[in-house]
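Work the whole structure out from these sequences, hints included.
Protein chains in written order, with the working numbering: chain R, 1 to 411; chain V, 1 to 197.
Please keep in mind that the hints were generated in silico from the structure rather than gathered at the bench. Virtual Cβ for every residue (Gly too), placed ideally from N, Cα, C. Hints may be right or wrong, so weigh each one.
The calculated DSS-like cross-link candidates involving lysine-lysine, where the alpha carbons are at most 30 Å apart (straight line), are [claimed, not checked]: (1) Lys151/V to Lys4/V; (2) Lys71/V to Lys53/V; (3) Lys35/V to Lys64/R; (4) Lys40/R to Lys135/R; (5) Lys200/R to Lys89/R; (6) Lys40/R to Lys258/R; (7) Lys37/V to Lys53/V; (8) Lys4/V to Lys37/V; (9) Lys322/R to Lys37/V; (10) Lys163/V to Lys53/V; (11) Lys35/V to Lys322/R; (12) Lys163/V to Lys151/V; (13) Lys71/V to Lys118/V; (14) Lys322/R to Lys71/V; (15) Lys71/V to Lys200/R.
What follows is a list of derived Cβ distance ranges for each label pair [unchecked claim]: (16) Pro136/V to Gly161/R: 54 to 60 Å; (17) Lys40/R to Asn65/V: 43 to 49 Å; (18) Thr142/V to Glu86/R: 53 to 59 Å; (19) Gly44/R to Glu36/V: 50 to 56 Å; (20) Glu36/V to Asn391/R: 21 to 27 Å; (21) Trp12/V to Tyr316/R: 32 to 38 Å; (22) Thr211/R to Asn65/V: 31 to 37 Å; (23) Lys258/R to Trp12/V: 19 to 25 Å.
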Amino acid sequence: MRKILTTEAQPPQKGKPTGLPANSVGIVEPQSHTFPGPFKLACGRVLDEYTLVYETYGTLNADKSNGVLICHALSGHHHAAGYHSENDKRPGWWDHYIGPGKPIDTDKFFVVALNNLGGCHGSTGPTSINPETGKPWGPDFPPLRARDWVHSQAQLADHLGIQQWAAVVGGSLGGMQAMRWALEYPERLRHCVVIASAMKLSAQNIAFNETARQAITSDPDFRDGRYLEQETLPRHGLAVARMIGHITYLSDDGLGKKFGRELRSGTFEQGVEELVEFQVQSYLRYQGDTFSSSFDPNTYILMTRALDYFDLAREYEDDPVKAFSNARCKFFLVSFTSDWRFAPERSREIADALMHANIPVSYAEVESPMGHDAFLLPNARYENLFAAYMNNVAREENGVQSAGKKSEVPA
Amino acid sequence: MMRKDLDIIHNWIAPSTRVLDLGCGDGALLERLGKEKQVGGYGLEIDPEEIQKCVERGVNVVEQNLDNGLKNFADQSFDTVVMTQALQTLRFPHLVVEEMLRVGRECIITFPNFGQWKARWHLAVSGRMPVSDLLPYEWYDTPNIHFCTFKDFEVLCREHSWKILHRQVVSESPVSGVLKDFLPNLFGETAIYHLTR
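Below, the structure is given as structure tokens:
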């Protein structure tokens, strides 16, 4: 696990090694900062201190007004764009949308991506050492809610000297955090970009999450969550959990187009006893196995619980209009037609609530066969819309700077 | 260039009010209303290319199919609901106008006049459905499925007891521009109606 302790934000390295794409942010280095507590959590418990690992891309301007915060989804982390080394096979998880000339243009914006509290990529979480016991937190790590992430992200903004984000951006669970930002810190963001998200999960969504958690906890190696202390790992359970999740991130159509009923091995021939293996089986197993060797099972449980808990309007008398009435920023929403995990209907509910609350919002329903995963993947319409919106955010940003004022009146 | 009907609508909308623009196209009207009259609001559109243009202009646009109604909007939640050149594309135009008057205190509707002399001439002489610069489609591929004339629309207003606050007829050609005042249903190209309940 990567842990590099630097306390100051550093500009990304300029020189791009040959071999990396020209529109990449290039080689990036994670940074981390430890925040002194006490940090009170929504569950009532308090962390004495916590560490967040993050990456930044682009340059923070003189009045620190061009910051864009990227909130990650269930299995995301701080490595959203660029490469960690020249030999890196894959760039960060949202590299297609973050970089020079890309929708979140690092020539214009100072982009901050972090690993959320409770994560397993270097930020304080279940794999960290509990200072009280000297052992890994494991299942004793306090349950978190989206608002805990938002409050810790606000402390990160303070640390970076960013009083107000040009935009807070997130897909899926990341979109939930972005919306929570708009309600908890209305003065600290000018735009809220919410992609393939929802104001709360449906019963079906919670059911999938519970099945995934059961897969993990019923693995004999789970050991009540104390697998690190006992030097085991419920690898199989986590792989199954990921397989379940993965199916829900894709569409029936998308899976069909990609794999159909193609065989990887075996035969249907009569008189030959050789079991068939469909391509989709091996694909899913590969996804599960890859994930289970890089993700912490307790973190997966923690993240899915945070998803289940999220209900934007809960403390606003269950009235989304009342909730959004607190927002002062403009909203941009995108959903994808074949996404059944965070269906377009969920985004329309957000758009409706925002319009009722008289908050500026634009919403597009993008045609895609890729299911929920579409928000991470190339798609010409999505890219053009996203770029056009962010371009205005940047242009407005320049206008704001020349006018010398920060606030603006929503249309 | 701004269409003439948009100029007139611009004049009829009071400053600092709230507008919902159905089938808002590229967002030109909303942008102008926002800049010149501090009018806020939203456009509804289903064409991806038009939505893209709205986002580029910084106009609030929401992807929504008008044929599915305006159920997601509360009664009297807008000052004015506008619909330009879209009435004839709807499956149930009269129901949409009802909805517009439920959601808005007033509504402004523009539509092409099928009773204009060119259309009448085309049908009378060639015996075929009119195709013109303004309505450049063949009958089988046209999005315009419910044409009407000014007279037809006035009848609809009467039947539903919708009050006509203003009506205006516009025509792009200078000759028709004069004649339309005398014989609007024969020489007017586009009708603009300002309605309330």
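Each hint tested on the structure:
1. Lys151/V to Lys4/V: OK: Lys151/V and Lys4/V at ~21 Å, within 30 Å.
2. Lys71/V to Lys53/V: Holds, at roughly 26 Å.
3. Lys35/V to Lys64/R: The given pair, whose Cα atoms are some 28 Å apart, holds under the 30 Å limit.
4. Lys40/R to Lys135/R: 22 Å, holds
5. Lys200/R to Lys89/R: Violated, at about 36 Å.
6. Lys40/R to Lys258/R: 46 Å, violated
7. Lys37/V to Lys53/V: Answer holds: Lys37/V to Lys53/V is near 21 Å, not above 30 Å.
8. Lys4/V to Lys37/V: Given that 30 Å is the threshold and the Cα spacing comes to 18 Å, the pair holds.
9. Lys322/R to Lys37/V: 28 Å, holds
10. Lys163/V to Lys53/V: Violated - the C-alpha atoms of Lys53/V and Lys163/V are around 34 Å apart, more than 30 Å.
11. Lys35/V to Lys322/R: Judged against 30 Å, a Cα distance of about 28 Å means the pair holds.
12. Lys163/V to Lys151/V: At roughly 15 Å apart (the allowed maximum being 30 Å), Lys151/V and Lys163/V satisfy the hint.
13. Lys71/V to Lys118/V: 38 Å, violated
14. Lys322/R to Lys71/V: Given that 30 Å is the threshold and the Cα spacing comes to 19 Å, the pair holds.
15. Lys71/V to Lys200/R: 21 Å, holds
16. Pro136/V to Gly161/R: 54 to 60 Å: 57 Å, holds
17. Lys40/R to Asn65/V: 43 to 49 Å: 46 Å, holds
18. Thr142/V to Glu86/R: 53 to 59 Å: 57 Å, holds
19. Gly44/R to Glu36/V: 50 to 56 Å: The hint (50 to 56 Å, Cβ to Cβ) holds, given that Gly44/R and Glu36/V are roughly 53 Å apart.
20. Glu36/V to Asn391/R: 21 to 27 Å: 23 Å, holds
21. Trp12/V to Tyr316/R: 32 to 38 Å: 37 Å, holds
22. Thr211/R to Asn65/V: 31 to 37 Å: With Cβ atoms ~35 Å apart, the hint holds.
23. Lys258/R to Trp12/V: 19 to 25 Å: Given a distance of about 53 Å, which is not inside 19 to 25 Å, the answer is violated.
When each numbered hint is compared with the structure, violations occur for hints 5, 6, 10, 13 and 23.
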